[in-house]
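Engineer: One letter stands for each residue in the lines below.
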Amino acid sequence: MPVGPTTVGAAMPRRKRRAGQGEARAGVLFALPWMLGLTIFTAIPLLLTFFIAQSKFQITGPPKWVGMQNYEAIFADPAFWTSAGNTFMFAVISVPLKLVLALGLALLLNRVTALSGFYRTVFYLPFLMPAVAGSIVFILLLNPSAGPVNLMLEGMGLHPPDWLRDPRAALWTLILLNLWPLGVETLVFLGGLQNIPKDVSEAADLDSPKGWHKLVWITIPLITPMILFNLVIGIIYSFQIFAQALVIGGTTGKPAEATLMYMVVLYRLAFRYFNMGQAAAMAVVLFLVVLLLTLLIFRTARSWVYYEGDSR
Amino acid sequence: MGLLRRGQSLIDQRRTAPRQWWQSLLYHAVMLGFACIFLLPFYWMAISAFKNNAEIFANPVQWFPNPFRWENLAALVSRDDFPFLRQFGNSVFYAGSVALAVCFSCSLAAYSFGCLRWRARNLVFGLTVCALLLPSVVTFLPIYMGWTRLGLNGTYWPLIAPFLLGDAFYIFMLRQFFLGVPRELMDAARLDGASEFRIWWQIVLPQVRTPLVIVGLFAIVYTWNEFFGPLIYLQDREKFPLSLGLFTFRAARAQEWSISMMGALFTALPMVVLFLLTQRLFQRGLSSTGLK
Amino acid sequence: MGAVQLTGVRKLFGAMEVIKGIDLTVQDGELVVFVGPSGCGKSTLLRMIAGLEDVDYGVVSIAGVDVTELAPARRGVAMVFQNYALYPHMSAYDNLAYGLRRTGLGRAEVEARVQETAALLQITELLPRRPKAMSGGQRQRVAIGRAIARKPEVFLFDEPLSNLDAALRVEMRSQIARLHHELKATMIFVTHDQVEAMTLADRIVVLNAGRVEQIGTPREVYHSPANLFVAGFIGSPAMNLLPARVGADGRLILASGAALDWPPGGLAEGQNLTLALRPDRLALGSGDQADATGKVTLAEHLGDETILHLRLGDGPGLTMKLPGDVPVRVGDAVPVSFDLSGACLFGADGLAVRTRQP
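Chains as they are written, first to last, in our numbering: chain L, 1 to 312; chain R, 1 to 292; chain D, 1 to 358.
Mixed in with the good hints, there may be bad ones.
[Said to hold, decoys possible] Label pairs and their computed distance ranges (CB to CB):
id	chain 1	residue 1	chain 2	residue 2	range
1	D	Glu171	L	Leu32	55 to 63 angstroms
2	R	Leu152	L	Asn195	30 to 38 angstroms
3	R	Gln23	D	Ala177	38 to 46 angstroms
4	L	Leu176	R	Val272	17 to 25 angstroms
5	L	Glu154	R	Gln23	31 to 39 angstroms
6	D	Thr293	R	Leu185	35 to 43 angstroms
7	L	Thr113	R	Val273	53 to 61 angstroms
8	R	Val273	L	Met89	57 to 65 angstroms
9	R	Val61	L	Ser201	40 to 48 angstroms
10	L	Leu176	R	Leu269	21 to 29 angstroms
11	R	Trp63	L	Arg165	46 to 54 angstroms
12	L	Thr113	R	Gln255	51 to 59 angstroms
13	L	Val92	D	Pro128	34 to 42 angstroms
14	L	Thr252	R	Val61	58 to 66 angstroms
[As the list claims (entries may be wrong)] Just so you have them, the derived chain D footprint on chain L, three or more residues with Cβ under 8 angstroms:
id	segment
15	84-92
16	209-218
[Said to hold, decoys possible] Okay, derived cross-link-like pairs now, PhoX-like style, lysine-lysine, Cα gap no bigger than 25 angstroms in a straight line:
id	chain 1	residue 1	chain 2	residue 2
17	L	Lys198	D	Lys132
18	L	Lys210	L	Lys198
19	L	Lys210	D	Lys151
20	L	Lys198	D	Lys151
21	D	Lys184	D	Lys151
22	D	Lys295	D	Lys321
Calculated from the structure, these hints are not laboratory results. These figures come from a predicted structure and were not determined experimentally. All C-beta atoms, glycine included, are put in the ideal place defined by N, C-alpha and C.
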């Protein structure tokens, strides 16, 4: 680089920045497989699903463009509405219920006692049970005449329903089955509870004459990020419930379609009736509904979630 | 002074705060009660596996198998319509392959997101988070059709191959741990002349050995319990993993509860044992994701 | 406003006794400072008064009421924490209002009290802000405001100034002193910084390893330390502690051989004692009038004063505090003369035997 007198405004050629270049290149290279994966297994299929939803697939020949016909067909199908209603009820009941139970459990687990480790293990264990196995066991447990649950409830003087044959109670079978693996949500809440600085907790002790004041005004507001996380994950998961519904209710959602879930109908359309177009249409509808709900939650989140400030 | 007089006797006595004593008892009673409720399905599954049908449905409830039917175990592994051992092996293969694939591919991506600085990084990571929140329902159909076109329907390829490129969930989890590696470590290696790949392999990866194990464990558990994927891609019963095998057996033989329970028991047991042995790692993994 | 009384208070962690039988009374309206080295139990004691730690033996009473078994919120105490402990998800206003609202005050009254407190501490503009949008000093004032708004019987301060930089610390110190004067409140202040202790306290409680070493006014503690520990702890630079023996003529013989005059009475010949002298009681002696000669090992020139560290022969070290700038360097030999006014004598058991008035 020629070194000459530097006058104000003299243009010196810009040096090429070497420092971050190697790192930036490596960054892209290392992320390349995943970016490929994102494209191939997420972005493209997402778009394709929309296209498939607007086509009709025949046994021979290329798919035919049919516009909105598939959507019309599924909206006319009573199974669609039944399953949509069931799934919605399921999600609306089980997600908040699970959150409340998990939060309660996390608060109970927040004590340090000799048995803490044991309790934590026990409450996390159900999560490990494969969905199919768990569903089968629940069918046994809830057996109206010989299952221990009903026998114990009767022993207490209550009048338990016929879980598996009474259409009104069948959905609750699924809800109970889904409430059982609380482990993940509980541990997330527990992490949040233990993140509250000790002296903030003590300051609250000094300021709160009644025990529950501290819980309502200080503790819960400070774990709202975890509530948000569990809420969103819960919604996304519960709308897509499949394995348990399939085991408990089969492909027809017995009894009387009470346990017919959206994903089961979708599966039926795609793999029993080979109607890819309509199945894709159902997928699109589900996606839009979940997307809408998620965005709604995030929108409102700003007002009720406490943000600690950004990390990296 | 009244206070002093009362204080005299209190000074010598140790305060044990009696209300604390029964509060503690109540707490443990409640917790143990919940624990029993939570463990009931496991327990029921275990004891039913060793009963025959009549005993399972006995009224009043038989809380312990009598007799303890060990022969059910033999029956499980020798049935023609339930190739249990074969499927167990398939599950091991499936879960193990996915875990290895995940550890490799996701550590590449997580390293890039967590340790390296490049222009589009935050954008791509944002897309990754969106992929996390995307319901899989909206992508599986075209993927299925694609694999069928490739003629790989009926093999484990569709189930394992995607993980060779990565998965949003595990990348997200791993990135949290990579963020904790001090930048100075990598800068020192750069000064020493190491290539970026070498830095990843020799300097950073050893720092995240435990998180990698954690992610591997999560992958094993999730994959072992995976049902939908195998359901749509596999048709040959000999190739099924246990989750699917149990389901098809029960769909065909709904009344053979003993065998179903025995199968369920041994589908769940490996994961329970794995968890009990590696608990602390699981908890570390979960608490890292809660920090949003 | 109320007095605080501790009677026979003890605390154990497992088998280890961390608070070993404390009796003390804080008078109504007093500002008492608990001071002591790290680990002496001063914070633990404060937290036992607050109800955040359990009391194993003894009684804590506030304003005449036995509060030992009461929950923290019912004791009539308010606390200012070292790390401020502001509720991070609430504005300053809500932080101040929280405790008030919990006790059922009406909205108008909460508003009045919060504004009154904010005006007192000059934080009115900060009220709508959240803690993370404030500097350390501002947060500290809001934390103090939160305590004041509740109008407690007793204010407890747990090393509140430790996290502030030096200049801010001095400013906050005078603010706290001013507050004490205006509110006429009973305050208990914990610190490891003796300058804070000396400037703020009406009375100081010197603690060491769970025990009270001395309770007294700053003057008493400074000029009449009750034992060796207090003598060595209070005052900076620390008091010089010199082993001495009582000679036949009632004079004190130092290890270096120097003999010093001491007013007669009460000292037995041959008694082994420790002589304690403040660094500012040592002066540069003139030639043969010096009591001892020392070699300079370190000279600290602070501008308005000079601190010299000496060694007497191969005996004990000495610290001297001299006014002005003394042109002495490391290695120089300096004559030292002792001014025994204000000196203290401690017996073999460490307790004060004699104190000469300054």
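Engineer: State the violated hints by number, sorted upward, taking the hints as numbered earlier in the document.
Structural biologist: Result: hints 2, 6, 7, 8, 11, 12, 14, 15 break, sorted rising.
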